[in-house]
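Participant: Here are the chains, one letter per residue:
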Amino acid sequence: MIYLKPLPQIEPGNKEFWDGLAKREFRVARCDNCGHYNWIRLPACRSCLSERQTWTAVSGRATVWSYSIVHRGPGAFRDEVPYAVVLAKLEEEPRSCLVLGNTVGIPVDELRVGLPLKITYLDVPGENVTLFRFTKAD
Amino acid sequence: MPRSRQAAIVGVYTTKQGKLADRTSFSLQLEAIRGALDDAGLALGDVDGIVPMYGSDHLPGSTAHQFWAEQLDERPLRLMETGVAAGGLAKAAAAIEAGMCGVVVLFYGKAGWQLGPRGVQAEATAPRVPDWAFEQAGAYMATWYALWARRYMHEFGATHADLAEVAVFTRYHATLNPGSIMGPKGEITVDQVLESRPICEPLNLLDCALDNDGGYAIVLTHAAVAASCRKTPAWVLGGAESVCADFYRTIPEPWFPEEGKAVRRAADTAFSMAGVSRDDIDVAGLYDCFTITTIRDLEEMGFCKIGEGADFVKEGHCLLGGKLPTNTDGGLLSNSHNGDPSGMHVIEVVRQLRGECGARQVPDARIGAVLSQGWAVHGIAGVLILGAE
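Residue numbers (this note's numbering), protein chains in the order written: chain A, 1 to 138; chain B, 1 to 389.
Just so you know, the hints here were simulated from the structure itself, not pulled from any lab data. One should not assume that every hint holds.
Derived Cβ-Cβ restraints for the label pairs, each shown as a range [said to hold, decoys possible]: (1) A:114 / B:184: 38 to 48 Å; (2) A:35 / B:185: 33 to 43 Å; (3) B:128 / A:79: 15 to 25 Å; (4) B:185 / A:109: 25 to 35 Å; (5) B:244 / A:22: 29 to 39 Å; (6) B:314 / A:138: 40 to 50 Å.
Note that the structure is predicted; figures quoted are calculated from it, not measured. Just so it is clear, CB atoms sit at the ideal spot from N, CA and C, and this is done for glycine as well.
With the rest of the complex left out, here is chain A:
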């Protein structure tokens, strides 16, 4: 089964994130100065403007902040409807990290705001890329 959905352009500025997924780590840029997590990574920390940030593995625990069940999919998503898109709030504080992603193993009618999630990983067949998905927490 060839994966035809859009994949990331992996570049020096984001390679550590995608390398982390291959190692089953979800990494978020954490400020070396104030300790705040920043999602997505910008060149400097939003809180203190320090440019010293380190890709740091987080727990992978999150909750559903919001979700949508998609019934009209663009491009290669067309044949997968209905599928869920969630904005998941990572448990890391204090700056909230709302991460957009798809789910795996959650029947769409079980989705609700606040549902506990964990991050899981998907090696893309035929491509040197690992993706993340949200699934129900244990």
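Got chain A; can you put chain B on it based on the hints?
Facilitator: Same frame as chain A, now just chain B:
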């Protein structure tokens, strides 16, 4: 009496809106520029500033004016502005009042492609997109607004039927606008919205804006020129822009703070400049890409409190005859969404202030408010307060 260099909108033009398979984006832009100048009674040679809307710039960002300066007969342009329509016009008005330039035209035109999921074809190999781009998750504009709607419903107890009320009143207005795309299909009910096919839950087809081709242009100048223009000027009483977030990669928290976000900041500035209150507004054009957007617009603009937008709509205030007739042309939901349609709301409010709106005319409309918004839902906001005198 206007101030000596007070800015006014003196020309507006909309091309045919709809499926325009025989047109190019560029030809729509040119038609719109010529049409708006003709509406004003001005000539291309009078133009010394431009606001090319998204996709109408041809060269990116601050180099766009080089393309247009040469295309328009090597005209020495003195102003090139960007931003969603009301924001770009607000800055152009400030430049005109300051004496930087004299006649500014904002323009847009798009043909031959679609914003929504139908416009995206599957490829033979997986396409590559920038880092955390939403396309990787099969998301698109409707998905973002659906996420926003779901969270809004969760926080404030609003229902899908509440959102649907927006589609119902907006369609009613479209039926009174002979130029609207959906008006000929007649009025709709809340049940019809709820029974239309789901796109991105909780949003159904009739919660979503149209996805058509079209163009428009708007001409702005100062009082001395406005005095000799063909149509009654719509004076810029106040205008402002505010920007707070990124390109649809996340929506920073909090989403619905009591003090509002970018829209509130732009609105407060524009109302303060204009010296008018929310109650003074006779007609409003509020960006309505989805039903949830109108509800949030009303709250962020300060026409009601945060969380009360759905009740405001249900009480009928947005209808013609209500206290804040809103999107009287049928809006983006039922008149036209041509890709970057933020100028369409400006044009409708100008036509209302001129008294050109026929069956949908707001009697004695003197002061109008326009909100243009977009990017990461309310990430960018532009607000314009216009007056008939």
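Participant: For every hint, state whether the structure bears it out.
Facilitator: Hint check:
1. A:114 / B:184: 38 to 48 Å: 44 Å, holds
2. A:35 / B:185: 33 to 43 Å: 56 Å, violated
3. B:128 / A:79: 15 to 25 Å: 21 Å, holds
4. B:185 / A:109: 25 to 35 Å: 32 Å, holds
5. B:244 / A:22: 29 to 39 Å: 34 Å, holds
6. B:314 / A:138: 40 to 50 Å: 43 Å, holds
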